[in-house]
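Input sequences plus hints: build the corresponding full structure.
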Amino acid sequence: QKEVEQNSGPLSVPEGAIASLNCTYSDRGSQSFFWYRQYSGKSPELIMSIYSNGDKEDGRFTAQLNKASQYVSLLIRDSQPSDSATYLCAVFTSGTYKYIFGTGTRLKVLA
Amino acid sequence: DAGVTQSPTHLIKTRGQQVTLRCSPKSGHDTVSWYQQALGQGPQFIFQYYEEEERQRGNFPDRFSGHQFPNYSSELNVNALLLGDSALYLCASSLNPANTGELFFGEGSRLTVL
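Protein chains in written order, with the working numbering: chain A, 1 to 111; chain B, 1001 to 1114.
Hints in this document: simulated from the structure, not taken from any laboratory.
Just so we're clear, the structure is a prediction, and the values are computed from it rather than from any experiment.
Note that beta-carbon positions come from the ideal geometry of N, C-alpha and C, so glycine has one too.
Incorrect hints may have been included.
[Said to hold, decoys possible] Using C-beta positions, here's what the derived DEER-type ranges look like:
#1 A:A17 - B:D1062: 40 to 50 Å
#2 B:P1008 - A:S82: 40 to 50 Å
#3 B:G1040 - A:P81: 15 to 25 Å
#4 B:K1013 - A:K42: 21 to 31 Å
#5 B:T1112 - A:R77: 35 to 45 Å
#6 A:E3 - B:L1095: 34 to 44 Å
[What the hints assert, rightly or not] Cut-off 27 Å, straight-line C-alpha distance, at most; resulting in silico cross-link-like pairs (DSSO-like, lysine-lysine):
#7 A:K67 - A:K42
#8 A:K67 - A:K98
#9 A:K42 - B:K1026
#10 A:K56 - A:K98
#11 A:K42 - B:K1013
#12 A:K108 - A:K2
#13 B:K1026 - A:K98
#14 A:K108 - A:K42
Here it is, written out as structure tokens:
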């Protein structure tokens, strides 16, 4: 079992729709969870962080965390073509200083 | 505020050669992590440096080594290059590995091994 798993996609959604990206992780001791966006040929950039169960909203982005199910998700509302990128889920465990990324989900927003 | 800077941005080597990649962390950051990202894959953790010591290491062979200097900058060295070492090498800095864990990435060094 991979430490952080994501569906590689591509996930295609029409412009204006909600994009839903999912991630599962294996280490129950993980405490911090992140979503990074990576445009083709560029480095990852942080878009959301979440540390406790529930939802966290920032503009068009909502991160959801369920530690019991070891599940993290990212919702993008009113998706725009500029949101087309690969979205990387990352999990951090402070006890081991391990910061592990998933393989990423490629999102395509169709105009 | 200077972000994370990496050099060189692109380089081409042949099998068996050695390469050194360099990274300067974001101002105020003291922890540097290195990642390897192959095409179509997520970043794979190589190792992390804090207080000039290797704090944590991923599943990479000893051909991959590193160093952190007193000014927190870091180098990644790869010996005896293989074709499979071709990848984007990302440096990420953070404030203390025991902190929130948020990473700031440089633009990467793209290594091609022929």
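field: Verdict for T1112 of chain B, R77 of chain A (Cβ pair) under range 35 to 45 Å
entry: With a Cβ separation near 39 Å, T1112 of chain B and R77 of chain A satisfy 35 to 45 Å, so the hint holds.
message: Taking the Cβ atom of K1013 of chain B and the Cβ atom of K42 of chain A, is their distance within the range 21 to 31 Å?
response: 23 Å, holds
message: I want to verify a distance hint. Is the separation of the beta carbons of E3 of chain A and L1095 of chain B within 34 to 44 Å?
response: 24 Å, violated
query: Does the structure keep K108 of chain A and K42 of chain A at a Cα separation of 27 Å or less?
result: 17 Å, holds
message: K1026 of chain B and K98 of chain A were given as a pair; does the straight-line alpha-carbon distance stay at or below 27 Å?
response: 20 Å, holds
message: Checking one constraint from the list: CA of K67 of chain A to CA of K42 of chain A, max 27 Å. Satisfied?
response: 31 Å, violated
field: Restraint check for K56 of chain A with K98 of chain A, where alpha carbons must lie at most 27 Å apart
entry: 23 Å, holds
query: Would the pair K42 of chain A and K1013 of chain B pass a check requiring their Cα atoms to be no farther apart than 27 Å?
result: Since the Cα atoms of K42 of chain A and K1013 of chain B sit roughly 22 Å apart, the hinted pair holds (cutoff 27 Å).
- request: For the pair supplied as a hint, K42 of chain A and K1026 of chain B, confirm whether the alpha-carbon distance does not exceed 27 Å.
  value: Status holds; Cα separation ~17 Å.
message: For a C-alpha distance cap of 27 Å, please report whether K67 of chain A and K98 of chain A respect it.
response: OK: K67 of chain A and K98 of chain A at ~17 Å, within 27 Å.
- request: Go ahead and decide if the range 40 to 50 Å is satisfied by the Cβ distance of P1008 of chain B to S82 of chain A.
  value: 29 Å, violated
task: Would you check the hint for K108 of chain A and K2 of chain A, treating anything up to 27 Å between C-alpha atoms as holding?
output: 25 Å, holds
Against the hints set out earlier in the document, violations occur for numbers 2, 6, 7.
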